[in-house]
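Generate the whole structure from the sequences, applying the supplied hints.
If you read the sequences in order, they're chains A and B. Per the numbering used here, residue 1 is the first one in the first sequence, and the count goes up by one each step. Per the numbering used here, residue 1001 is the first one in the second sequence, and the count goes up by one each step.
Just so you know, these hints were derived from the structure itself, not from any lab. Treat the hints loosely; a few may be bogus.
To be verified - Computed Cβ-Cβ distance ranges for the label pairs, DEER-style: (1) B:L1163 - A:I144: 39 to 47 Å; (2) A:N36 - B:D1258: 52 to 60 Å; (3) B:F1106 - A:N36: 38 to 46 Å.
Unchecked claim - In silico lysine-lysine, DSS-like type, Cα no more than 27 Å apart, as pairs: (4) A:K37 - A:K198; (5) B:K1201 - B:K1221; (6) B:K1118 - A:K7; (7) B:K1119 - A:K7; (8) A:K112 - A:K37; (9) A:K74 - A:K34.
Glycine included, every Cβ here is placed at the ideal spot set by N, Cα and C.
Each chain, written out:
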Amino acid sequence: MVSERRKFILGMARSAGLVALGGLVWSAYVDEVKANKLILRPPGALNEDDFLSTCIKCGMCAEACPFDTLLLAKPGDNKPLGTPYFTPREVPCYMCEDIPCVPVCPTGALDKDLVSTDGKLDINKADMGVAVVDTKNCIAFWGIQCDACYRACPLLDKALYLEYEKNERTGKHAFLKPIVDSDYCTGCGLCEHACVTKKATITVVPRDVVIGKLDDHYIKGWDKADEQRLQNATAETTTTERSKRDAVDFLNDDIGGLLDD
Amino acid sequence: MTNIWANYRFLILRRFTQISLMILYVGGNYWGWNFIQGNLSSSMLFNFVPLSDPFAALQMFAAGAVMTTNLLVGALIITIFYMLLGGRTFCSWVCPVNLITDAANFLRRKLGFNQIQKKQPASRSIRYWMIGLSVVLSYILGVTAFEFISPISITHRAIIFGLGMGWTAMLVIFLFDLFILKNGWCGHICPLGGFYGTIGKVGLIRVDHDADNCTNCMKCKEVCPESQVLFMVNKTSEQVLDGACTNCGRCIEVCDDDALNFSIRKLAKEKNNENNK
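Here it is, written out as structure tokens:
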């Protein structure tokens, strides 16, 4: 006769084991798909971490998109299932002025405030990513005249401008080099869509992936506004002890002095 | 013909609701119908009434998301709706996975698997552990954990937005229910079913059993996907009050002796078998 108590304890232990097994596999999977940092989100999307906790995966943004730019991640896409994304080389974001994909979001994962200026929708504030030029393979950098991306840019001469430079090789032609200004680029991907090369030499990537960040002590001395930061700066004294020995003494030591203990 | 209607009336009605809801959702996406747009996670009815999955909302809360009024109102509407109707009405009348698991179950009966393997080796309370796990993982990982793997959402999105590799999830559930565990997904594991079962415990529409008419043929228990809720059959005349009952009505239509019927929940505890025909 097995006692009820032993049965109960075994039952609980089995459940706990199953929960541990399931929980581990489950969280490992979630962690893996979360690790994909190269997903381009719709305009007005919260930062990726907040976006993943807030998006309910209803697909209303995708339904609202008149160009079928937005897709929902399907099993096999290696992206968090059901979340909206777009692939600009196939269908870029055409930057609708009324931004139909954003106000329909029921959870605020696409936030109207992030794409509004003074309470009015403003698609130029969108930050889906930033375009990056492959200067090695872009034919404009070879000296061949091509301004396909420049012409396609909805923020022409702001987000994407041409830099003219003399072509020393021929001596009589000019380079028309496309340069992206990340202050303005919205990451719509119209440039990537328009690029004439076999594989696009201008591509959109999420801003976090490629935009660097400076330490506070770099200040543009020639920029009045940036210089202001010095006003409130505080000095910090470090107290690294300096060696009292002459430099030449190190050379006269035996090899032991050159090795770490 | 009348026989088919009598024996399958709820099944036909359920398939009708399930499939027409899908068509309306597909129409909302592809042809811009504004009856209902979105999917089962969150929708907009008539471009005006928000509807949201309360279980997804719970996970969002655990994940630390900022909740919008739109979402809370939507989740509240759905919660109240299924509270009144009987929670797991969702499972058998709306959920697309029900079509898959019903098919597996049908095959199981036809192939006689249930005779070979009478005892099911798993506990039906796994789903409540799954609810707990969904909430805990949502909190730890900061995402809506079950929504990341939910075969319900995968299936529903597959129908509305395109399939991808979604068929693998459907196939796995089908094979699991067919060969491994009877009513495996819907009756043992699915936390959404567990969740609706919990909030729907107080539901007003309940199956009522009349033991006086019962001939103990056990057809009802054979078709019931949650046969433990029919413990009273041929014993006492009472209503099926267990939250796990999905209100699918299969037991009612297979009963030849008028011993089972839908009824309104008796709020006062009194024996009255006459007015529940």
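Going through the hints against the structure:
no. : hint                         : verdict
1   : B:L1163 - A:I144: 39 to 47 Å : 43 Å, holds
2   : A:N36 - B:D1258: 52 to 60 Å  : 58 Å, holds
3   : B:F1106 - A:N36: 38 to 46 Å  : 39 Å, holds
4   : A:K37 - A:K198               : 25 Å, holds
5   : B:K1201 - B:K1221            : 21 Å, holds
6   : B:K1118 - A:K7               : 21 Å, holds
7   : B:K1119 - A:K7               : 17 Å, holds
8   : A:K112 - A:K37               : 23 Å, holds
9   : A:K74 - A:K34                : 14 Å, holds
Checked against the numbered hints given earlier, the structure satisfies every one of them.
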